[in-house]
Every structure is written in structure tokens, then in C-alpha cells.
Amino acid sequence: MNIIKLLESLSNDELLNKKGSRRESINHFKNAGKNIALASIPFGLAATSNKSSAATMSMATAAIQASPTDVLNFALTLEYLERNFYQMGMDTSGLIPDGDKDVFGQILKHEVSHVNFLVAALGDAAIDEPTFDFTGGDLNLDTFSNYQTFLALSQGFEDTGVRAYKGQAGALANDNTLLEYALQIHSVEARHASQVRRMRNEKGWITQSETTIPSTFSAIYGGAIPESNTTQGGVNLAGMFDSYGGDDAITEAFDEPLTMAEVNAIASIFIV
Amino acid sequence: MKKELIKEEKNLFPPQKMGNSRRDFLKIGGLVVAGSGLLLLSCNNDDDNVIVPPGEVFDLGSGDLGILNYAYALEQLEAAFYTKVLSGSYWMGANANEKQILEDLYNHEVIHREFFKVAITAAAPSADKVLPTLEFDFSSVDFGSRDSVLGIAKILEDTGVSAYNGAGKLLQNTDYLLIAGKIVSVEARHASAIRDLINPGSTDFAGDDILVDLAGSGKAYDKATMPSAILAAVGATGFVKTEFTADNLPTS
Numbered sequence: 000m001n002i003i004k005l006l007e008s009l010s011n012d013e014l015l016n017k018k019g020s021r022r023e024s025i026n027h028f029k030n031a032g033k034n035i036a037l038a039s040i041p042f043g044l045a046a047t048s049n050k051s052s053a054a055t056m057s058m059a060t061a062a063i064q065a066s067p068t069d070v071l072n073f074a075l076t077l078e079y080l081e082r083n084f085y086q087m088g089m090d091t092s093g094l095i096p097d098g099d100k101d102v103f104g105q106i107l108k109h110e111v112s113h114v115n116f117l118v119a120a121l122g123d124a125a126i127d128e129p130t131f132d133f134t135g136g137d138l139n140l141d142t143f144s145n146y147q148t149f150l151a152l153s154q155g156f157e158d159t160g161v162r163a164y165k166g167q168a169g170a171l172a173n174d175n176t177l178l179e180y181a182l183q184i185h186s187v188e189a190r191h192a193s194q195v196r197r198m199r200n201e202k203g204w205i206t207q208s209e210t211t212i213p214s215t216f217s218a219i220y221g222g223a224i225p226e227s228n229t230t231q232g233g234v235n236l237a238g239m240f241d242s243y244g245g246d247d248a249i250t251e252a253f254d255e256p257l258t259m260a261e262v263n264a265i266a267s268i269f270i271v
Numbered sequence: 000m001k002k003e004l005i006k007e008e009k010n011l012f013p014p015q016k017m018g019n020s021r022r023d024f025l026k027i028g029g030l031v032v033a034g035s036g037l038l039l040l041s042c043n044n045d046d047d048n049v050i051v052p053p054g055e056v057f058d059l060g061s062g063d064l065g066i067l068n069y070a071y072a073l074e075q076l077e078a079a080f081y082t083k084v085l086s087g088s089y090w091m092g093a094n095a096n097e098k099q100i101l102e103d104l105y106n107h108e109v110i111h112r113e114f115f116k117v118a119i120t121a122a123a124p125s126a127d128k129v130l131p132t133l134e135f136d137f138s139s140v141d142f143g144s145r146d147s148v149l150g151i152a153k154i155l156e157d158t159g160v161s162a163y164n165g166a167g168k169l170l171q172n173t174d175y176l177l178i179a180g181k182i183v184s185v186e187a188r189h190a191s192a193i194r195d196l197i198n199p200g201s202t203d204f205a206g207d208d209i210l211v212d213l214a215g216s217g218k219a220y221d222k223a224t225m226p227s228a229i230l231a232a233v234g235a236t237g238f239v240k241t242e243f244t245a246d247n248l249p250t251s
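Chains D and S supply the protein sequences, listed in that same order.
For the first sequence, the tail end lands on 271 under numbering that gives the first Met the number 0, and the numbers increase by one without skipping.
For the second sequence, the tail end lands on 251 under numbering that gives the first Met the number 0, and the numbers increase by one without skipping.
Don't read these hints as lab results, they were simulated from the structure.
Since the model is a prediction, treat every value here as computed from it, not as a measurement.
Some hints here could point you the wrong way.
Think about it this way: if two alpha-carbon atoms lie no more than 30 Å apart in a straight line, the pair counts; the simulated BS3-like pairs of lysine-lysine are [said to hold, decoys possible]:
1. S:Lys116 with S:Lys98
2. S:Lys98 with D:Lys202
3. D:Lys108 with S:Lys83
4. S:Lys98 with D:Lys100
5. S:Lys128 with D:Lys100
6. S:Lys218 with S:Lys83
7. D:Lys108 with S:Lys240
8. S:Lys83 with S:Lys240
9. S:Lys218 with S:Lys128
10. S:Lys222 with S:Lys240
11. S:Lys222 with D:Lys202
12. D:Lys100 with D:Lys202
13. S:Lys98 with S:Lys222
14. S:Lys218 with S:Lys240
15. S:Lys222 with D:Lys100
16. S:Lys116 with S:Lys128
17. S:Lys83 with D:Lys202
18. S:Lys218 with D:Lys202
19. S:Lys98 with S:Lys240
20. S:Lys116 with S:Lys218
21. D:Lys202 with S:Lys116
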């Protein structure tokens, strides 16, 4: 695996040379996301499909999904956000207790890598880095003076990142190379999320759509397919596992996607 | 239902396909278990709960169905392991936090296992294409030892992450891909928690020992491992007693 292969993959994309501004990209995502409702096809139906018919029926949304370049720029926006957030956190004297610096140093290192990887992969198509305001503008969050706020936002960004990558898996399904790279990042974000959640005395996994971060950010666990979803592959599992943690455990056992529009609505709170 | 004893000597994979299973197994991440064998055995001579007829070995199948059966096998392994954990003396005497985490993992893996059973049964053209209930042997694991239990849990969860990451591109149906995506991040959350229990407050939750580099950008990515290598590693643990083959899984 190397960047050349990735670039070859991208070179087939007609949109490669279309370098949109961040705003254009965000607007595009919003439009694209508006109509996206991931289809839930019962396994019995999908099972008889070959590749082409499965693609047709299972992703009715395919036609309005973002291009791989758009997906990578969408991912890059989130990685920029995370990188800047952790860099500012690590650079703020007295914010992160010494005992937690290994953890956040490791997370920062990963986000720096993800940014560099995506920028290299996109080349000229990479969006410019947005300007971030982690006080959330009118929200006036005490992000870098109150460690608890920093932790809460960290959890929110990581859980959002997991859901954001997951939501784009279908859009990358026809490009095995990009799909695999995205999956390899996606699960690292989940490792981060679990760690930060546990540092906040939450479970590492998401129960229902519950959260202890400010209700302003409830969208992080909500959405068209909220974290509280119990229907998987067209089968409603609710009530089927009462001896195994019940519906709470069902919702913990499956993470759910967010659409680009849903993610951008969350991220835009912190983008100037 | 009797099985030929000679089956006990049969390898899961033909040598030319599998290569050196020990070497492959070491390559994907130190899945070393004391007393592990290289073979998946079918030594269920006194077991009447096996669906596969005598003389026949279940093959995972081809296409998406094969990948779903593959995932089902991994989930069966994880669920069986945590079932043993929850009846072991380490778990019974563990502190409330560790008990809760391991009980949650048990619940999640049972749910994954049962979900796949339902889903594959619905998707398969006939019942004999659904991976049967596998038999496991965890006699090499000391369920009274925290180090032993958490060490194996770490391996299983990390393996699950790299397995789902590697299987994603092999799936043709994007609904299945989304399902895999919904599960793999939960496996990663598990791996992170187990790793932090072993070495609290360290970088191990997403450690340099398990992550890999992409394009020179640094170790910031989980592995994506093909089923052949995963199954070789799983076979090398000696945990899986029921023999099955994976001769027809997609490879690209």
C-alpha cells in the first residue's frame, strides 16, 4: 500500500481537479446528505441479489452519494478539527493533567498522521484548513480552561468521527483501496472514543443515545439512524436479548452512521 | 454422530494455500497461546450436537455468504470465550468495573453471534449453507488468571478489528458493509478498553504495538487482514474444535 496507488485510484475520479473551497464542499455535503436515508433491506431479500442488483436495491442512495474526493475532503475536515483541538489542548499549560498526557499525545499523533495522509492522498484536491473556534462561538465554551469541557468535546469529536466514517462506507464501496484505508482510520477513532469515554467514567460504548456531554450536542448521538437504533439488517432485535443486557446492550453492540449533513451540522459549530 | 478419528489430523487449509500457519499467525500479531495446535480439529466423537453430517466438513462458502459465515465463526469464538470468562474465578472476584466491562463484552458478542445466525439463515439459500454451531476448547486458558483472561481478550478483540477491516472490501452488498462497519467499531471500543485495563493510562488503547503505518504517515491505522491469515491465526490458537474450511471465500 502506498500513496502512489492511492493517487492512481483517485486519478480516475473526474472530480479530482475540482478544488472546491471548504464552503462549497460543505454545501455540497448538505445537499447530498439531505436525501440520504440508508436503506434497510431485510437480509432475506438482499441475499438473493448478485452484485449489480444488490447495488441497485440496497443503495438507492448511491446516485446522490458523494464522490470519493468529496468523502476524503469531508474526512480531512474532521481530521483537521481533531488535530487542531488536541494540539491546542496539549499546548495549553495546566489543562491536561500529567497522568493523561500520554493518552492525548497518542491521539494527537494519530490525528496528525490522518491529516497528512489525507492531504497527500488528495493532492491539489485537498481543501484548505478551516479556521476553528473551539469555544463554539456564541456557546462560549471554556474548552481550554476547563479540563472537563475539553474531555467532553474530545468524546464528542471522537464519537462523531466514528459515525462519520461509518456513514461514508457505502460511498467508497466501489473503491476497495479507499474503503480499506477509511476502515483502518475508522476503527482507530473508535479506540480513541472508547478511551476518552472511559476517562469520563462513561462506558467505552454508546448505550441508547445517552450522553453526559452538553445537550447542545445531542445530535452527536441522534440523527436519522440514532445510536438507540435496534433494527439491524431489517431485523428489529428489540426484546430478543433480555438475558444479555436487553435493548441497552443491543444498542451498545452496534454503532450507527451519521450522514455528511448531520456531521457537518455538528462540525460547523466549531468552524469560523 | 461419529467422526472418523483420522479427521483429527486434517489441516484446515491445504499447505500450499496456507503456508506456514505458525509464521502467518505470528505475523499478524503475537497470538500466542500456550499449548496451541496448528489444526482445527473435528474431534467431536462423543458429541451429538453437530449439524454437519459425518464425513463432511462445512465450507464457509463463497461471496457475501462466505464472508458472513466467516464473521459468524469469529463471533462464535468471541462469545464462547466470554461465556467461559463469566464462569471463571477471575471474573467472579474482579472489581466492579472490570466485571461490568467483561459482562458487557459477553453481551455484545452474544448479540453479534445471534444476529449473524438470524441474518445468515435468512440470507442462505438453504439451511446447510449456514455455519453450524462450533465447538470450542479453551482448556489452554487459565480463567482464574486476570493476565490470562485479559491477554486473550485483547488478542480476540484486536483480531476482530483487523478481520472486519480486511473483510470490508470483500463484501459486495453495501448493506452488509454497513453492518460490518457498525460492528467493527464496537470491537475496536472493546479492544481499547481491554488494553487500558491491562496498562491503564498508557498509549496502549491504540498502541504502536498494534497499529500500522500507511504511506509513511505514521502508525495511526488499524490493520486490515485477509480471512486466510485470520483463520490461520485462529486455527493456531487451538480454540476451535469443529473443523471447517474456507476454500471459496472471495480474495478481492
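#### Entry: Structure versus earlier hints, numbers of those that do not hold, lowest first
3, 5, 6, 7, 9, 14 and 20
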